[in-house]
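Asks: Chains B and S are the protein sequences, given in the same order.
Reminder that position 495 of the first sequence reads as 502 in the working numbering, one-by-one numbering, no gaps.
Reminder that position 260 of the second sequence reads as 678 in the working numbering, one-by-one numbering, no gaps.
These are calculated hints, taken from the structure and not from any lab test.
Please note that the accuracy of each hint is not assured.
[What the hints assert, rightly or not] So the derived label-pair ranges between C-beta atoms look like this:
# : chain 1 : residue 1 : chain 2 : residue 2 : range
1 : B       : S229      : S       : V441      : 39 to 49 Å
2 : B       : I540      : S       : L701      : 46 to 56 Å
3 : B       : Q307      : S       : D496      : 47 to 57 Å
4 : S       : D523      : B       : S297      : 40 to 50 Å
5 : S       : E541      : B       : G418      : 48 to 58 Å
6 : S       : G450      : B       : E453      : 30 to 40 Å
7 : S       : I422      : B       : I540      : 47 to 57 Å
The beta-carbon is built from N, C-alpha and C at its ideal position, and this holds for glycine as well.
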Amino acid sequence: MNQFKIWQYSLIASVLFVGVIFALPNIFPSKPALQIALGNSSDEINSNLISNIEKTLNEEGILVDSLELEDNSLTIVLESVDDQLSSRRILSNFSDGDYIIALKSEPSTPKWLREIGAKPLNLGLDLAGGIHFLLEVDTARYSEERLSSEGASLVEEFTKQGFFSSYQSTGDTIDLSFNSETDADSAIKYVNENNFTTSGSKYNVTVDGTNINLQYTDNYLSEIIDYAVEQNLVALRNRVNELGVSEPIVQREGKGRIVVELPGVQDSASAKKIIGKTANLEFRLEARNSDSFLRKEKFQYKNPLQGSAFLEKVIVLSGDNVTNAQSSFDENGRPQVNINLDIEGGRAMQKATTGNIGRRLGVILVEEKTKTFFDEENNVVQESFLEKSIISNATIQAVLGTSFRITGLTGPNEASELALLLRAGALAAPMKFVEEQTIGPTLGKENIDKGVTSIIIGFILVFIFMLLRYRLFGLSANFALICNLILVTSIMSAVGGTLTLPGIAGIVLTVGMAVDANVLIFARISEELKNNIEPQSAIKNGFSKAFSTIMDANITTLIVALILYAIGTGPIKGFAVTLSIGIVTSIFTAILVTRSLVNFIYGYRTISELKI
Amino acid sequence: MMNIPFTKYNTLGLLISSIILLVSITSIFFKGLNYGLDFTGGVSIEIKYKERADLERIRNSISKIEDANFLVLNFGSDENVLVKFQSDEELNINADTVINILDDDDYLGEVVKSETIFPQIGEELRDKGGIAVLVAIFAILIYIIFRFQIKFGYGAIAALIHDVVIILGVFSIFNLNFDLSVLAAILAIVGYSLNDSIVVSDRIRENFLDPNSKGSPDVLINKSLNQVFARTIITSFTTLLVLMALLFAGGAALYNFSLALSLGVVIGSYSSIVIVVGVLLKLNLSNKDMEKPKNEPEESYSLD
Numbered sequence: 008m009n010q011f012k013i014w015q016y017s018l019i020a021s022v023l024f025v026g027v028i029f030a031l032p033n034i035f036p037s038k039p040a041l042q043i044a045l046g047n048s049s050d051e052i053n054s055n056l057i058s059n060i061e062k063t064l065n066e067e068g069i070l071v072d073s074l075e076l077e078d079n080s081l082t083i084v085l086e087s088v089d090d091q092l093s094s095r096r097i098l099s100n101f102s103d104g105d106y107i108i109a110l111k112s113e114p115s116t117p118k119w120l121r122e123i124g125a126k127p128l129n130l131g132l133d134l135a136g137g138i139h140f141l142l143e144v145d146t147a148r149y150s151e152e153r154l155s156s157e158g159a160s161l162v163e164e165f166t167k168q169g170f171f172s173s174y175q176s177t178g179d180t181i182d183l184s185f186n187s188e189t190d191a192d193s194a195i196k197y198v199n200e201n202n203f204t205t206s207g208s209k210y211n212v213t214v215d216g217t218n219i220n221l222q223y224t225d226n227y228l229s230e231i232i233d234y235a236v237e238q239n240l241v242a243l244r245n246r247v248n249e250l251g252v253s254e255p256i257v258q259r260e261g262k263g264r265i266v267v268e269l270p271g272v273q274d275s276a277s278a279k280k281i282i283g284k285t286a287n288l289e290f291r292l293e294a295r296n297s298d299s300f301l302r303k304e305k306f307q308y309k310n311p312l313q314g315s316a317f318l319e320k321v322i323v324l325s326g327d328n329v330t331n332a333q334s335s336f337d338e339n340g341r342p343q344v345n346i347n348l349d350i351e352g353g354r355a356m357q358k359a360t361t362g363n364i365g366r367r368l369g370v371i372l373v374e375e376k377t378k379t380f381f382d383e384e385n386n387v388v389q390e391s392f393l394e395k396s397i398i399s400n401a402t403i404q405a406v407l408g409t410s411f412r413i414t415g416l417t418g419p420n421e422a423s424e425l426a427l428l429l430r431a432g433a434l435a436a437p438m439k440f441v442e443e444q445t446i447g448p449t450l451g452k453e454n455i456d457k458g459v460t461s462i463i464i465g466f467i468l469v470f471i472f473m474l475l476r477y478r479l480f481g482l483s484a485n486f487a488l489i490c491n492l493i494l495v496t497s498i499m500s501a502v503g504g505t506l507t508l509p510g511i512a513g514i515v516l517t518v519g520m521a522v523d524a525n526v527l528i529f530a531r532i533s534e535e536l537k538n539n540i541e542p543q544s545a546i547k548n549g550f551s552k553a554f555s556t557i558m559d560a561n562i563t564t565l566i567v568a569l570i571l572y573a574i575g576t577g578p579i580k581g582f583a584v585t586l587s588i589g590i591v592t593s594i595f596t597a598i599l600v601t602r603s604l605v606n607f608i609y610g611y612r613t614i615s616e617l618k619i
Numbered sequence: 419m420m421n422i423p424f425t426k427y428n429t430l431g432l433l434i435s436s437i438i439l440l441v442s443i444t445s446i447f448f449k450g451l452n453y454g455l456d457f458t459g460g461v462s463i464e465i466k467y468k469e470r471a472d473l474e475r476i477r478n479s480i481s482k483i484e485d486a487n488f489l490v491l492n493f494g495s496d497e498n499v500l501v502k503f504q505s506d507e508e509l510n511i512n513a514d515t516v517i518n519i520l521d522d523d524d525y526l527g528e529v530v531k532s533e534t535i536f537p538q539i540g541e542e543l544r545d546k547g548g549i550a551v552l553v554a555i556f557a558i559l560i561y562i563i564f565r566f567q568i569k570f571g572y573g574a575i576a577a578l579i580h581d582v583v584i585i586l587g588v589f590s591i592f593n594l595n596f597d598l599s600v601l602a603a604i605l606a607i608v609g610y611s612l613n614d615s616i617v618v619s620d621r622i623r624e625n626f627l628d629p630n631s632k633g634s635p636d637v638l639i640n641k642s643l644n645q646v647f648a649r650t651i652i653t654s655f656t657t658l659l660v661l662m663a664l665l666f667a668g669g670a671a672l673y674n675f676s677l678a679l680s681l682g683v684v685i686g687s688y689s690s691i692v693i694v695v696g697v698l699l700k701l702n703l704s705n706k707d708m709e710k711p712k713n714e715p716e717e718s719y720s721l722d
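Just chain B, same shape as in the assembly:
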């Protein structure tokens, strides 16, 4: 009766086999490497720089394993961690260029494994070393500024319609005062007419005689904040990509925070500069040939092939006025970028384009950059400067308002890149760093070594104990435990999960739970035997009687793990992930794998006496 059917054995075996395959990449040691990326994505790493780097390192007696250029970032694989650290030191003084050096470990996964998509675990910052930033979007300031600029536009509109008003904005409210109640009534009418958005009304309007109070509705407020944070996220992703670090994380956390994690990067100051830099956009009309040099300015195109152009000195509007930009196709299937401006921007655009049809309107990307150089006394000096370059210079076809489009682009790639630059060029809302963590490479290495060593010691102790206490049954339990570890590793690796120190702790707790399941089963079997049940039935009853207890215990722990995942941040999430995966795999291994082994050992013979 304690026999599995062939398909049951083979199903369990194939699950384990797949597990082993996907866990396999983790046993190939990874090699220490450096990754070099240029801070400015428009520059290119040329072969000159590469051969220079190789020469310099060789002169210092450092053996370069391999050099690989991919996507404008250079990976230098080295022999040892010592070499890696000293190369970083040497190369950081090497050039006056604006580039970022990240420590990296280059996996040596064999090709056939990579081809089926198996890859080693990502290591969290606490294990790999690197920088962690938490940025907070100043949502209060953002909504206040937005509301107050809308107040100004309303007053302008009312003045145009012939009823004078004044306004005052305090925090989240604007107060509009009018001379008479008739004026106030017309104003309310106007506001109510414009009080619609796709998700309901925009303002809460309260009237007090000749005064009107406007406040954003909660719905609208959370909508614009959501939009601002998402837009900042896009901008940050862009900037982080510019850093060229492998496996960076840019993630929204909660309502108004963004986490940035840069594995391997050690230079927090320069990373902070690139991430925290303030970029902006300027819209300017192209200068006429007749304009004097006092009125125009020469700018380079972002794409160096396009050369340069003269634009007027007057700025029509800035990136703050851009509320959205999307690439799409026009009715003839040609790529275009649709741009939306806020009311203020729309008005400025209308004013600037009226009477200027046929002229060009240029869009300039303003970036804050830093350059590093040596002064006369050979000290390293860092200086920040603004770099302005033209990202678009299109002919005005009509008088433009709050929404218009840029056409005549060479292809969909250019369109989506321009839309991205328009959206991401400026941060929608101001941000500040609220948390910063730098973990040195030696600490990360130490954490790994110690974490792994202690897990191995823990396992060995448990193995010995289980063998001594439960003999053949203990052997089955130990085998199940190893399977559990392999399955957790393979699932984590396959889904691209990140292993952190708390994650290791989660695995340890899972080991405890898995052992518990087997102990419960074995205790039941031994009870059955004491009640003089014959051995085969005792084994069967032991497994089935312990089942509901095991499920209850694991489900409640799984509930806890899921709550931790939902509520927790960073390290707690890491713990919750391994714990959840571990619980699910341990139910499989502790019940099915142990059972199949026990069946295999005892199921095909008559047992006269069973001791447990």
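Following the hints, position chain S against chain B.
Replies: Same frame as chain B, now just chain S:
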């Protein structure tokens, strides 16, 4: 099978627990917890020097920065230095300030780790942690009411609160650093303590429902405890084996975590026997409570 008169000594157990709880609560209330940087916000920098670090020299350099109270001390060994301080609201003085000033004075070792945390983040984290525990407790209560019966729910929750409060108490009394990893450990203990409570509750229910087992609730509960006792000890012991390995070989980063978890395992096993059973006895658990048995998955479970 063992025959230990657990229920007889239950009152004694409850008394001991009450005293420990009282001491813990007093300490948490009056002395508070020694919150780590994760929760208070501030700056901490670990620097490793090639030889014995000159703390005075570091203090002298740093004293050039105004308006901050710096703590400079050795950490682990006399080559490792920990610089800790609270910064202003805007974090104008941060880890970079200190690192730069040491670099200027030509006395900067290898920066092993640096952390700058905005005070407000820390507060939020503390609140969130508390909420996580409360939500977890609530969700579990619902599950147990659904699967068992409300009296078991009270027992499990009482045991859980008992365990968490005592661990917090130990951290408060011995002034141990309460950081994010300890919070994670406490949440894990919530899971572990439950595991134990459920195993005990499951057995008690089984014996109450079994038509062959006769006796007063007291006798049945005692029988159940004796049946699961061996399992409780063995499971705790094996989990402790792994935790001890983490505690002694896992390094500084895992020390507080494994300490809290080890304590939790021991207290969790104890509370499943004393607190859960204590509550069930005080609530006069009887056969009547079991009259509406929930679906038993084992009846439909067959593997062979």
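Asks: All the hints need checking, so say for each whether the structure fits it.
Replies: Now the hints, each set against the structure:
1. S229(B) x V441(S): 39 to 49 Å: holds (46 Å)
2. I540(B) x L701(S): 46 to 56 Å: Once the Cβ atoms are compared, 34 Å apart, the range 46 to 56 Å for L701(S) and I540(B) is violated.
3. Q307(B) x D496(S): 47 to 57 Å: At 56 Å between Cβs, range holds.
4. D523(S) x S297(B): 40 to 50 Å: Since the Cβ atoms of D523(S) and S297(B) sit about 60 Å apart, the hinted range of 40 to 50 Å is violated.
5. E541(S) x G418(B): 48 to 58 Å: Given about 51 Å between the Cβ atoms, the range holds.
6. G450(S) x E453(B): 30 to 40 Å: Given about 32 Å between the Cβ atoms, the range holds.
7. I422(S) x I540(B): 47 to 57 Å: violated (24 Å)
Hint violations for this structure: numbers 2, 4 and 7, all remaining hints satisfied.
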